[in-house]
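Spelled out, the chains give:
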Amino acid sequence: MGVKNILKKILIEPLVIISRDKAGLVGFIVLLFILLLSFIGPYFVKLDTEVKLDKIYQFPSREHILGTDNQGRDIFSQIVNGGKDVIIVAFLAGLISTLIAVSLGSLSAYAGGLTDTVIMFITEIILTIPQFPLLAVLAAFVRLTNPTMLAFIIGFLGWPALARAIRSQVLSIKERDYIEAARVLDLGRIHIIFSEILPNMLSYIVISLIMAMTGAVYSQVGLIILGLVPFYGHNWGLMIQLAWTRGAIFYKGSIFYILSPIIAIALFQWSAVTFTRSLEGIFNPRLRAGE
Amino acid sequence: MSRFKRLISNYIFLRVLRAILTIFIVATLTFFIVRLMPGNPIEIYIGQLMSQYGMSFQDAKNQAAALFSIDLNAPLSKQYIIYMRNLLRGDFGVSFLSQGTPVALMISAYLPWTVFSVGISILISFTLGITLGMLSAYKRGSIFDHIMSTIAAILSAIPNYLIGILLLIIIGVQLGLIPVSAMRGTVSPGIKPGFTWIFIKDVFSHALLPIMTYVVSTVGGWMLSMKSSTLNTLGEDYVTVAKARGLPESRITFAYVGRNALLPLFTSLTMQMGFLMGGSALIESIFVYKGIGWALGASIAQRDYPVMQAVFLIITIAVIVANFIADLLYSKLDPRIKIGGE
Numbered sequence: 001m002g003v004k005n006i007l008k009k010i011l012i013e014p015l016v017i018i019s020r021d022k023a024g025l026v027g028f029i030v031l032l033f034i035l036l037l038s039f040i041g042p043y044f045v046k047l048d049t050e051v052k053l054d055k056i057y058q059f060p061s062r063e064h065i066l067g068t069d070n071q072g073r074d075i076f077s078q079i080v081n082g083g084k085d086v087i088i089v090a091f092l093a094g095l096i097s098t099l100i101a102v103s104l105g106s107l108s109a110y111a112g113g114l115t116d117t118v119i120m121f122i123t124e125i126i127l128t129i130p131q132f133p134l135l136a137v138l139a140a141f142v143r144l145t146n147p148t149m150l151a152f153i154i155g156f157l158g159w160p161a162l163a164r165a166i167r168s169q170v171l172s173i174k175e176r177d178y179i180e181a182a183r184v185l186d187l188g189r190i191h192i193i194f195s196e197i198l199p200n201m202l203s204y205i206v207i208s209l210i211m212a213m214t215g216a217v218y219s220q221v222g223l224i225i226l227g228l229v230p231f232y233g234h235n236w237g238l239m240i241q242l243a244w245t246r247g248a249i250f251y252k253g254s255i256f257y258i259l260s261p262i263i264a265i266a267l268f269q270w271s272a273v274t275f276t277r278s279l280e281g282i283f284n285p286r287l288r289a290g291e
Numbered sequence: 001m002s003r004f005k006r007l008i009s010n011y012i013f014l015r016v017l018r019a020i021l022t023i024f025i026v027a028t029l030t031f032f033i034v035r036l037m038p039g040n041p042i043e044i045y046i047g048q049l050m051s052q053y054g055m056s057f058q059d060a061k062n063q064a065a066a067l068f069s070i071d072l073n074a075p076l077s078k079q080y081i082i083y084m085r086n087l088l089r090g091d092f093g094v095s096f097l098s099q100g101t102p103v104a105l106m107i108s109a110y111l112p113w114t115v116f117s118v119g120i121s122i123l124i125s126f127t128l129g130i131t132l133g134m135l136s137a138y139k140r141g142s143i144f145d146h147i148m149s150t151i152a153a154i155l156s157a158i159p160n161y162l163i164g165i166l167l168l169i170i171i172g173v174q175l176g177l178i179p180v181s182a183m184r185g186t187v188s189p190g191i192k193p194g195f196t197w198i199f200i201k202d203v204f205s206h207a208l209l210p211i212m213t214y215v216v217s218t219v220g221g222w223m224l225s226m227k228s229s230t231l232n233t234l235g236e237d238y239v240t241v242a243k244a245r246g247l248p249e250s251r252i253t254f255a256y257v258g259r260n261a262l263l264p265l266f267t268s269l270t271m272q273m274g275f276l277m278g279g280s281a282l283i284e285s286i287f288v289y290k291g292i293g294w295a296l297g298a299s300i301a302q303r304d305y306p307v308m309q310a311v312f313l314i315i316t317i318a319v320i321v322a323n324f325i326a327d328l329l330y331s332k333l334d335p336r337i338k339i340g341g342e
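Here the protein sequences line up with chains A and B, keeping their order.
Sequence positions in the first sequence follow the numbering used here and run 1 to 291.
Sequence positions in the second sequence follow the numbering used here and run 1 to 342.
Quick caveat, the hints were computed from the structure, so don't treat them as lab data.
Quick caveat, the model's predicted, so the values are computed rather than measured.
Watch out, some of these pointers could steer you wrong.
Said to hold, decoys possible - Straight-line Cα separation of at most 35 angstroms, DSBU-like style, residue types lysine-lysine; simulated pairs:
id : chain 1 : residue 1 : chain 2 : residue 2
1  : A       : LYS55     : A       : LYS4
2  : B       : LYS243    : B       : LYS332
3  : A       : LYS84     : A       : LYS252
4  : B       : LYS332    : A       : LYS174
5  : B       : LYS201    : A       : LYS252
6  : B       : LYS139    : B       : LYS243
7  : B       : LYS61     : B       : LYS78
8  : A       : LYS4      : A       : LYS174
9  : B       : LYS332    : A       : LYS252
10 : A       : LYS22     : B       : LYS78
Stated by the list, open to error - Residues from chain B that keep clear of chain A, each with C-beta distances beyond 12 angstroms, as calculated:
id : residue
11 : ARG18
12 : VAL34
13 : ALA109
14 : THR196
15 : ASP304
What the hints assert, rightly or not - With beta-carbon atoms standing in for the labels, derived distance ranges:
id : chain 1 : residue 1 : chain 2 : residue 2 : range
16 : A       : ALA182    : B       : ILE120    : 49 to 57 angstroms
17 : B       : LYS201    : A       : ARG143    : 40 to 48 angstroms
18 : B       : THR150    : A       : ILE40     : 42 to 50 angstroms
19 : A       : ASP54     : B       : LEU29     : 51 to 59 angstroms
20 : A       : PHE39     : B       : PRO75     : 50 to 58 angstroms
21 : B       : ILE82     : A       : THR245    : 35 to 43 angstroms
Glycine included, each C-beta is placed from N, C-alpha and C at the ideal position.
Same shape as in the complex, but just chain B (with noise of 0.2 angstroms):
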């Protein structure tokens, strides 16, 4: 094999590969979504400079072209270039509303917060849904299988914004056991950021409803498929071969059949992570919680183009990134994947 077709066939290569080329794909479709759209942005703000502050079409250009770091006397493939090139170099514009703030600062603000909540809710209901779907698949028939079964089937098939605005009610407004306006935003003002445990908590106690909301809906659907793919493991030959030899009851329950059952999962846990991302833009909504999915959603209802704009492209962003990191995970803890390629 020569080296070339070594590297084609390697699969941490095809990964980059794939993972760069979606990244450029969605900032291409997003450059011509602004651009091409019947009343796009760009048109609809020169319009209104016109008509609200009385400046003429030159000017107004000149301003617009300036908030969308657009060249718009370029020609559309030179326009979309230059586009390009500022977002390789990170920049995405100006924000129409709070004028003169970058896109990007704005970015490195918010995103943080959506990256620690998310990611902690998937560590918690990972961890958590897997447990209780080993003790529900070795009792199976039993009332705890039952019930966390049932439990876990109406939880997975419920909207997460919904299970949101029932957790907000029933623990904020009709328990009154937090207090839900205080909490809204990620930290409170007047704390200083760093490793004090008052920090710490003020962070968490801000975060607590989102992560509630993510791992209240996301852990069903791992107890339910880690029920099954236990099941289907405790029946494979090498488990029946290691009660043969007389292996410890713990160690053919860890190292054989909950490392085997585990496997299938972790594709469901790119996926996850996608969906989350993505649905950031509804939760963080309903609880006032400041992260990238608030931002999208409060960008998109004032129409902040640019911000709107850079947001979709850096949450997606962090989907692939995310997805990469647990392609890389999966090949490590499944070899097969990595010799048999796709």
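Just chain A, with the same shape it has in the complex (with noise of 0.2 angstroms):
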């Protein structure tokens, strides 16, 4: 399968169906908006550092779109430089967290017997223990200074509910013809797992990494809200745990300040799900239906 085959397949057709789907047409354009907004957004807006006593708790003006922090500075550019961070860190645990699962996750399925056994069984008991105090726990000991360690602890723990998925996946693809016939034809196993069933599932991947980022998302704002990520920078979790810890929270006048990165990360979250979802409609409808 060439390059162009693959990009037609994960990127044009889904494109094409999803403008069918009004509810995931809808999250595709914000979740477009927001990663422009993010990537391109801070070479246009700079991010305002500059305490201005005189301007704090502004209501939005022509100025000041979002109006102004508890120091009075400018909340929509904090916006517009906030999550550049969040969604890069959640990108990353979420590509960790889908190579692991696809790769033990579809040797799973194919292997079988006892090595299938033996990594469902361990899947399982991670499964099992509650994530988030996990983190939380890790982020305790390991000094998470910068934002790549953050996104790889959070991938390394992200995967077994994916690896089940795939797994099942996987198995429903084995049984069928053409997968079959390559087994007659004597292809090998290596070449049956990535030439023939991956590329099947191609688009149920990229779901998979889509739904991967949100739950990173869930855990890296947590950690960073809990005050548990000390590295510098400047991204929504950080305004959150700045406008709780020093409760701003508690100001009426602090609406437009404590809302705006809570609206930002929320949108985000609801349009990737929203997006993800519908994709997942078309590619797979017996699953919709299934779960």
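Combine both chains into one complex, guided by the hints.
Now the structure itself:
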């Protein structure tokens, strides 16, 4: 399968079909908007760090679209500049989770027997351990000094549920005629997994990646709010944490300051879930009905 | 089949085995995290005692050993065995900060509140969610269905701690409907526990915001799952046959459709319990509701390692036990599970 074909399969085809699904389309547009705002926006809107005590807690105006915070800084500039780190960490973590999940899940389903039992047993056990407390405890030992480390820790714990889903996907594909044909032709295990099974799951893997990203946003922002991620920088989670720990959320006039990052994160999560849910429905109608 | 083989393939036996094994693995994991991580808490504590109180290394080491209830002079394998034996006896060591307080005592003070608030929330959320979900499925395509499904999709996508903060801001701060600071903690000071109206009212008013948060953030997910599960069931042959036999509509709705649509949701129930217990670290910290999640957040913030280690272990055990009970319930409801094995 050429690069062009793969692009067509995971980018163009979904877009054509998604334009027919209203909720999915809205989700896609919102998601695209947030991505553009967070990655292109910072080139146009610089982060406002200047403390202006005469301008604290201003309501939205032409000058400050979302008003100002407890130190008179522009909130809109903080929103524009606060998404990049959150999304990059989520993407990295999601990528790691998906890679582990795809490798273990497909190996487990394809190999079967003892390998399958062992992998699934480990998966079940990790799945039982409550993820957020484990992350929080690990964060207390490992100083999370940079975003990559945070992404790795979240990613390494986030794969079990996905691995299970991938396994059942592979199990169902495994039984289809063309796989049977490849096996009769003796094309080899590696070839069958990577050239026959996985390409047919590309759309499903993309969906899993986005879902893993939303999970990573949950853990990441949660850790930041608990004050367990002491690296510098500026992001939506940190905005909420500062507003919370400094008591700004208990002040009536701070509504735009605290609501802005919450809505930004909520919109990102909602649009990602809505977009993937309609993708899922398109690619795998049986799955949507079954779960 | 020999008796041994029958035991091995027994559903309940397998579940018990897995639960015990998971607890064992987590306990081992916490031991080695605390002992082997670079800059582990015991070394940090010894260093602190030496620099702050001018203790000799040996004295500091003895005090640290007492705190963690670990014999630091013994080889690691022996330390591990002692640690496990202490755990079995319910001895989790002593808190760093409130010196002299056994961790086990702290846990027994915090854990019931979390089990109470999370348990009630799941009950309310599950009942409400499946009712709304069935209604939506029966009225699919209607305005009710569209509005409910949209709201459900939005609510289930927002992280629960953000919903908690939103509730705090909107109900507590902006509208001023609830005295937020008076509702911190689990019981108001001076109120005696017992089966009195005052006590029960007080307990519920303190748990109100956490419960609302859990319910609001999970009810949408239940609704959507129940809706699609019901739609699936409605297409089954036995429902068509029941209709053809002229059974009363209410009987078909509850005994045929409802019961069968509910079954697949039970597996999510176990996942949800783990997720909520885990997320309680955030929710309880936001509302300063002093349950086990709050204790985890506080002990991590203050680096109170013995408490942190024990609280993490207890949360995990609570989740495993809850999962186990849900599994048993599920196998009672769906006998196919028990016969089919895994």
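What are the numbers of the hints that this structure violates, sorted from low to high? 1, 9, 10, 11, 12, 15, 18
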